[in-house]
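Engineer: If you follow the hints, you should be able to join the two separate chains into one complex; please do so.
Letter by letter, the chains look like this.
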Amino acid sequence: DAGVIQSPRHEVTEMGQEVTLRCKPISGHNSLFWYRQTMMRGLELLIYFNNNVPIDDSGMPEDRFSAKMPNASFSTLKIQPSEPRDSAVYFCASSLWRSQATDTQYFGPGTRLTVL
Amino acid sequence: QQQVKQSPQSLIVQKGGISIINCAYENTAFDYFPWYQQFPGKGPALLIAIRPDVSEKKEGRFTISFNKSAKQFSLHIMDSQPGDSATYFCAASRGSSYKLIFGSGTRLLVRP
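Quick note, the sequences are listed as chains F and G, same order.
Letter by letter, the first sequence follows residues 1 to 116 of my numbering.
Letter by letter, the second sequence follows residues 1 to 112 of my numbering.
I should point out that these hints are in silico values taken from the structure, not numbers from a laboratory.
As the structure is a prediction and not an experimental result, all values here were calculated from the model.
Glycine is no exception: its CB is placed at the ideal position from the N, C-alpha and C atoms.
Check before you lean on any hint, since a few could be wrong.
[Unchecked claim] Each computed EDC-like pair below joins lysine to aspartate or glutamate, with the alpha-carbon atoms no more than 16 Å apart:
#: 1; chain 1: G; residue 1: Lys99; chain 2: F; residue 2: Asp103
#: 2; chain 1: G; residue 1: Lys99; chain 2: F; residue 2: Asp56
#: 3; chain 1: G; residue 1: Lys15; chain 2: G; residue 2: Asp79
[Claimed, not checked] Footprint (simulated), chain F over chain G, 3 or more residues, beta carbon under 8 Å:
#: 4; region: 42-48
#: 5; region: 100-112
Extracted from the complex, chain G is given alone in its bound form (with noise of 0.2 Å):
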């Protein structure tokens, strides 16, 4: 129930393209949901964020999408550029818990 279950593993898109991962979650008390950036020698930094009281969420070229009746959740990266190439990794967390439950990690590549 705490897990949270990412894929696919691996992207590889083109220049220009939509890059999308998803994220299920069992856990109906998550109720925070945080996609991290991780680029090859760094520590995750925080991307985009949203709550369940909305459906979706954009910053920039990054939307969040989420389903709670379906506990999904995903990550749209619209016109993807080389310099997004990272690995990505959703997570969630309940109430005021400190706790984040990450995913495994999609590692996206995107070809000029």
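In isolation and in its complexed conformation, chain F is listed as follows (with noise of 0.2 Å):
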């Protein structure tokens, strides 16, 4: 069985470049999530969707970051312009929502973005 599969594993980008953080979902999946993970700030929830559709942005830090789901198979995370503090890991995760209870989410392996 396919997990959740991220990509590119690794980024190294200089600031003020445009950057995507690419993911895909484990298939039948309804949930999807994109995570941010720092030493300093420990795991942070950017952005929720659920069947395609954002439903919970709070967490993105700024304007610019912008995710996008365009089907139920494929996500993407894009920062732009790109600075330094934006460096971290950023991990997708998906799940099967159902409407009585909290789910499992199933992380992939994550994307570590340096940008100098």
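Structural biologist: Next up, the structure:
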């Protein structure tokens, strides 16, 4: 079974450049999450999609960040323009959300972003 | 009220010992408490989870103890092994909410 797939695994870019991170959720899952992990702030939820619709983007740090989910099998997180403080590991996670209970979130391997 | 406080920040245990990680929460509406395990270079993975209708859940060497009145829960790793060396995150969620509130993580090192 393929888990959550993220690409690229590593990204090094210069300040001011556009960065696009990609995620393929587990087939059949209807919820997708983007997280950011840093030593200082731990795991932060950036945005949550349910059935391809953004439900909660309150964690998106600022307008430089945007996320899309054009279909059930693909999502992107874009940073434009990137800044050194965006350096972090970005995780995508997916789950099968049901109205009755919180379900397990399955995390991808992450994208380590370094902005110089 | 949305925070989950986790301690200790780091933990060193000898092989065969018991590792104990603690978490505390404020929001009494939380009713799902998972623990995630993360190895270096990997994403977090669900280890074990509990709901407040039970006070303890055991899966192999891993046990969650839950104290509803104290609003605390803990992870116990019995017979700790070097392969258990990882970062452990507690989390909490409310009802059918999608949103997991994560603790700050505990870096566990099990010495051979």
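Engineer: Cut-off 8 Å, C-beta pairs, minimum 3 residues; does the coverage of the region 42-48 of chain G by chain F stand?
Structural biologist: Coverage by chain F holds here, the residue count being 5 at a Cβ distance below 8 Å.
Engineer: Under a C-beta cut-off of less than 8 Å, do 3 or more residues of the region 100-112 of chain G approach chain F closely enough to confirm the stated coverage?
Structural biologist: That given contact holds, which follows from 5 residues of the region 100-112 of chain G lying within Cβ reach (below 8 Å) of chain F.
Engineer: Going straight from one Cα to the other, do lysine 99 of chain G and aspartate 56 of chain F come out at no more than 16 Å?
Structural biologist: 9 Å, holds
Engineer: Given the hint that lysine 15 of chain G pairs with aspartate 79 of chain G, test it: the Cα-Cα distance must not exceed 16 Å.
Structural biologist: 7 Å, holds
Engineer: Within a Cα-Cα threshold of 16 Å, do lysine 99 of chain G and aspartate 103 of chain F meet the stated pairing?
Structural biologist: Holds, because 10 Å separates the two Cα atoms, which is no more than 16 Å.
Checked against the numbered hints given earlier, the structure satisfies every one of them.
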